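> Please build the complete structure, drawing on both the sequences and the hints.
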Amino acid sequence: MKTAFAFAAMLTAAPFLAPLAAGQAHAADNSAPLRFVLIPKTVHPWFDKANNGAQAAAAMISQATGRKVEIEYRAPQTADVSSQNDIIERAIATHPDGLILDLLDEKGNRATMDEAVDEKIPMTVFDSLPPEGMDITAVGADFCEQGTMAAERLANLVGKKGEVAIMMGVPTAPNHTLRAECEKKVFAKYPDMKVVATGVDNDSIETAQKQASAIMQAHPDLVGWVECDASGPVGVGQAIRESGKTGKVKEVGLDNLNDMIQLIKEGVAESSASSRPEMQGYWAVVSAWQRAMGQKTPKYIDTGIDLLTSKNL
Amino acid sequence: MSLETTVPAAPSQQPPKLPPLKALVSRLAGNPLRGVIAALVIIFGASCALSPHFLTTFNMVIIARALAFIGLVTIGQSVLMILGELDLSVGAIGGLSGVVGGILMVQLGLNPWLALGLCLLMGGACGLLNGALITQLRLHSLVLTIGMAGVYGGANLVATKGVAITGVPRDITFLGRGLVMGVPVPFLVLLVCLAIVAFVMLRTPVGRYIYAIGSNPDAARMLGIRVNAIRMGAFALAGFLSALAGILMVARLGTAQPSIGDTWVLGPIAAAVIGGVATTGGIGSPIGAVLGAVIIGIIEDIIVLFGISPYWQSVVSGGIVVLAISFDALARRYLNRDAV
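Those protein sequence lines, which keep their order, are chains X and P. Using the working numbering, the letters of the first sequence map in sequence onto residues 69 to 381. Using the working numbering, the letters of the second sequence map in sequence onto residues 204 to 543.
Calculated from the structure, these hints are not laboratory results. Computed from a predicted model, the values in this text were never measured in an experiment. Beta carbons: idealized from backbone N, C-alpha and C, even for Gly. If a hint is listed, it holds; no wrong ones were tucked in.
Pairwise CB distance ranges, derived in the manner of DEER restraints:
#1 X:287 / P:343: 36 to 42 Å
#2 X:186 / P:395: 25 to 31 Å
#3 P:522 / X:381: 38 to 44 Å
#4 P:357 / X:124: 39 to 45 Å
#5 P:366 / X:287: 23 to 29 Å
#6 P:313 / X:310: 47 to 53 Å
#7 P:314 / X:186: 26 to 32 Å
#8 X:136 / P:540: 48 to 54 Å
#9 P:252 / X:335: 54 to 60 Å
#10 P:366 / X:128: 35 to 41 Å
#11 P:522 / X:311: 38 to 44 Å
#12 X:372 / P:373: 36 to 42 Å
#13 X:200 / P:482: 44 to 50 Å
#14 X:136 / P:482: 46 to 52 Å
Structure below.
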């Protein structure tokens with residue numbers, strides 16, 4: 069037991085005994101590789117696409133400048149703010165030349181981001197907005213515009229009348245909630261349209277499929293679906309196909325996961341409002357690189373939204 | 204204190220001298236706490252050697268602060284496991300306490316310290332309710348607490364509608380973000396709680412009763428120990444410590460996130476097992492369990508410092524955990540290899 073107490077005391081004392089700092093950002097050293105750490109919300113195919121864009125930007129900068137640029141992709145296993153903060157803090161401990169973050173909640177991430185500011189590590193955010201008062205470039209698309217585009221497209225497809233349903237993503241994710249609110253506002257404009265059900269898929273294809281099947285059973289007159297995350301439209305599309313309602317129930321999805329594109333090609337989903345994850349990753353790295361070089365960068369880089377249909381795929 | 208009795212060998216029956224490696228393994232395998240300390244020293248040393256970023260003040264503070272939240276939940280869970288019980292609703296209690304704290308402080312404008320106290324009481328009450336249902340209805344704790352996790356988690360969503368409560372008063376953010384002489388405040392809270400619970404477990408009759416109940420509840424009952432009261436008390440303690448972790452996390456984030464506690468279910472159980480707490484009850488200590496949590500915390504840290512792919516993270520951390528908990532069995536197999 070004495071050994072255990074002594075060991076606990078040693079652990080407590082470790083912060084005092086450790087050296088003050090292991091390394092410093094080396095952006096000023098022109099020969100050393102530039103190292104950026106990209107931290108998304110969680111492990112998800114959408115963020116893999118953003119990472120692909122980031123790697124492409126790193127390759128482009130390396131080729132153009134002759135200085136190697138490395139992107140380290142470190143994703144939290146769950147979409148939880150405290151888990152993401154832990155990863156951000158551990159990334160700060162390695163003193164990278166920049167952090168590229170997709171924030172889960174700008175207020176919950178604030179204290180950790182302040183630590184990065186204290187350590188003089190430049191940050192760029194994508195697919196999210198930075199905390200108020202922080203001089204950080206945000207790269208992304210307007211979530212409300214994306215939800216509005218999908219809902220308007222569906223309203224036109226169904227003749228602005230009938231029962232529709234919304235599949236929410238993660239109820240605690242601000243971007244998912246915002247898309248849902250904007251979609252509801254669109255449907256509220258049309259007196260003959262009614263939102264009869266709102267499912268919650270927690271960004272899981274399987275959950276979305278189960279929920280959508282149950283909702284379509286409960287509302288046989290349903291004419292259309294919109295969603296709020298990348299997984300939802302895939303699950304909803306599978307439920308539409310399995311219930312034999314392809315063509316009868318319209319779907320306008322979100323984003324450009326491979327399964328989503330396949331559903332459009334098969335005619336199960338009519339279209340998808342995609343937020344261009346590769347472009348977000350690409351421009352986030354460009355912005356982070358400019359920051360590391362000491363350049364000022366724009367407050368916001370809008371990467372826009374694509375409407376994917378069977379004609380333009 | 205060890206509950207295992209040892210009989211000193213008679214002078215004429217001196218055990219044969221073992222080779223140095225075997226003697227070391229024998230010493231480590233003979234005491235679960237020594238084993239976990241050995242594993243911790245190896246992992247700590249390897250991390251220092253392999254990453255220049257590991258042994259820095261900044262990184263040590265990160266590890267200590269992250270450990271505090273999971274460590275508090277681990278203390279409560281380890282006491283329950285020694286008792287032969289499990290509570291899978293600890294994470295949900297922590298999350299619910301955090302958001303109720305946010306509601307009381309932000310939406311109802313209650314004094315932050317009063318709100319904090321009420322939340323701790325609520326966490327204890329949630330744990331007590333679990334214990335009461337388990338003992339009075341004679342339900343299995345695993346099954347009951349799965350259901351209660353849904354109840355507490357659902358109440359969290361009902362209260363918040365899934366949206367974080369922002370604007371937590373700065374008066375309490377020091378509890379989550381502050382440093383006292385370079386040591387994170389949550390880590391100090393963890394040390395105080397660990398010292399109190401370890402003292403109760405190892406130096407008081409209540410602790411001995413918990414070990415006795417965990418070893419054999421029927422025998423404990425026959426000895427006159429108030430088994431149900433102690434069970435309910437242990438569940439209340441687990442709820443209280445989870446609520447404390449939840450409140451500290453709210454203070455750390457500056458917002459009351461509905462997702463607080465989502466990752467506090469399996470980690471503390473794994474930490475306790477790594478730290479030598481038997482899932483069957485009666486064996487282990489909260490100190491070992493928290494040291495197990497330190498091992499998990501260091502593994503999570505080095506995974507990020509080494510830049511291991513997120514797709515391999517679970518494999519690596521899971522593999523190290525399996526290796527750590529297999530140490531005892533492997534050591535015994537090694538020691539018995541030459542035995543006839």
